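Since the structure of chain G is provided, determine the placement of chain D on it from the hints.
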Amino acid sequence: MKSDSESSELKIPPDLCLDSPLWHFAGRYWSRSGAQTAALALQTRGWSVTDILCGLWLALQGCHFSGTDSVAVTAWRSRVTEPLRQARKAISKNNPVTDRARNCIAQGELEAEKVELALAYRALNRDNRSSDSLSEHAVKTLALENLQAAAPEKAMDNETGSLLDTLTTELQIFAEEEQRTW
Amino acid sequence: MVMKWLIRLAFPALGVLVMLIFFGLGDPTETTPAAQDSADAEEIPAFEGLVPSPIPTEGPEIVFKWQDSDGGWHYADSPPETGHWNALAIERADQPNGPSGNSDPVSDWQSPYSAPFSMNSGPVNNGS
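Keeping their order, the protein sequence lines are chains G and D. Just so you know, our numbering puts 157 at position 157 of the first sequence, and the rest follows in order with no gaps. Just so you know, our numbering puts 1007 at position 7 of the second sequence, and the rest follows in order with no gaps.
Bound-form chain G, shown alone (with noise of 0.2 Å):
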């Protein structure tokens, strides 16, 4: 029997800004294949990308990461996100019979992160209120603090070390690479 949380909808505000700052931070960092293997692998050690996401780009904006979601967010991504992502896995690739609707599911699953970054940003928007102008090198030493705030578990092997110090470094240049820019 399911309980109440569980049957009734999820109330998304419909102001929700899903181009937020975040979700193009989102974009620009996930370009960076370094970045992006890194996180996947985290992922595969119970971390959330999210939180990832969100540990560096508070990083950016020189602001401290909680380590902790709002209730919108643990519950569109326990009900959304990755009931997509279990659904997607269960779809084996290489059948051009469900090679569409593997496809579509993965495009599903790609809007739902995307709106699960939006409900993060509007969070982090409401508790992060001041920010400082960091050096690369403080960006980074923000970063790993906030990754570490962000891990599921406060124990750690060599191995998430070193795929935390390929985050922060690859935030690093990216920071760089954007003061270039602008």
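Just so you know, these hints were derived from the structure itself, not from any lab. Incorrect hints may appear among the rest.
Heads up, simulated SDA-like pairs for lysine to any residue below, C-alpha to C-alpha not over 20 Å straight-line [what the hints assert, rightly or not]:
1) D:Lys1065 - G:Ser31
2) D:Lys1065 - D:Glu1081
3) D:Lys1065 - G:Leu18
Distance windows between CB atoms, simulated [to be verified]:
4) G:Thr74 - D:Asn1086: 25 to 35 Å
5) D:Gln1067 - G:Leu16: 18 to 28 Å
6) G:Leu10 - D:Ser1069: 34 to 44 Å
7) G:Asp165 - D:Gln1067: 37 to 47 Å
Quick caveat: nothing in here was measured; it's all calculated off a predicted structure. We put the CB at the ideal spot given by N, CA and C, even for glycine.
Quick look at chain D alone, frame taken from chain G:
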């Protein structure tokens, strides 16, 4: 006299040599305590701990799509620096297209799942 003793000693020596050939030498005994070995093992981290293991890339690529001021559509593996863009999940290029795949370049932008694009670098995916 010396020659006589050398011949007498040669036979036992030959016997010992034959025995060694058949039975060999015993295993070398440990010269260092086991505790020191375990301490060394702890000092050297495992190779698997230093090098991240490769992750499966079974997910689709993410391709960014946007329209310029002239109305032209663009597809790339990174979004534009400014302006609105959409992210598309597309099956990896090394995968054969199913029968539903649309290869018409004119209408492909309407069907994001098989849109043709020129990737500038390595494949990108969302782990999806």
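Query - C-beta pair D:Gln1067, G:Leu16: status relative to the range 18 to 28 Å that was hinted - result: holds, 23 Å
Query raised in the report: Does the hinted range 25 to 35 Å hold for G:Thr74 and D:Asn1086 at CB?
Result: holds, 26 Å
Query raised in the report: When you check the alpha-carbon spacing of D:Lys1065 and D:Glu1081, does it fall within 20 Å?
Result: At roughly 12 Å apart (the allowed maximum being 20 Å), D:Glu1081 and D:Lys1065 satisfy the hint.
Query raised in the report: Do the alpha carbons of D:Lys1065 and G:Ser31 lie within 20 Å of each other, as the hint requires?
Result: holds, 13 Å
Report task. Measure nothing beyond the straight line between the CA atoms of D:Lys1065 and G:Leu18; if it is 20 Å or shorter, mark the hint as holding. Result -> Distance ~16 Å between D:Lys1065 and G:Leu18 Cα, so the pair holds.
Query raised in the report: Would you say the C-beta atoms of G:Leu10 and D:Ser1069 sit inside 34 to 44 Å of each other?
Result: holds, 37 Å
Query - Distance restraint evaluation - G:Asp165, D:Gln1067, Cβ atoms, bounds 37 to 47 Å - result: holds, 38 Å
Checked against the numbered hints listed earlier, the structure breaks none of them; every hint is satisfied.
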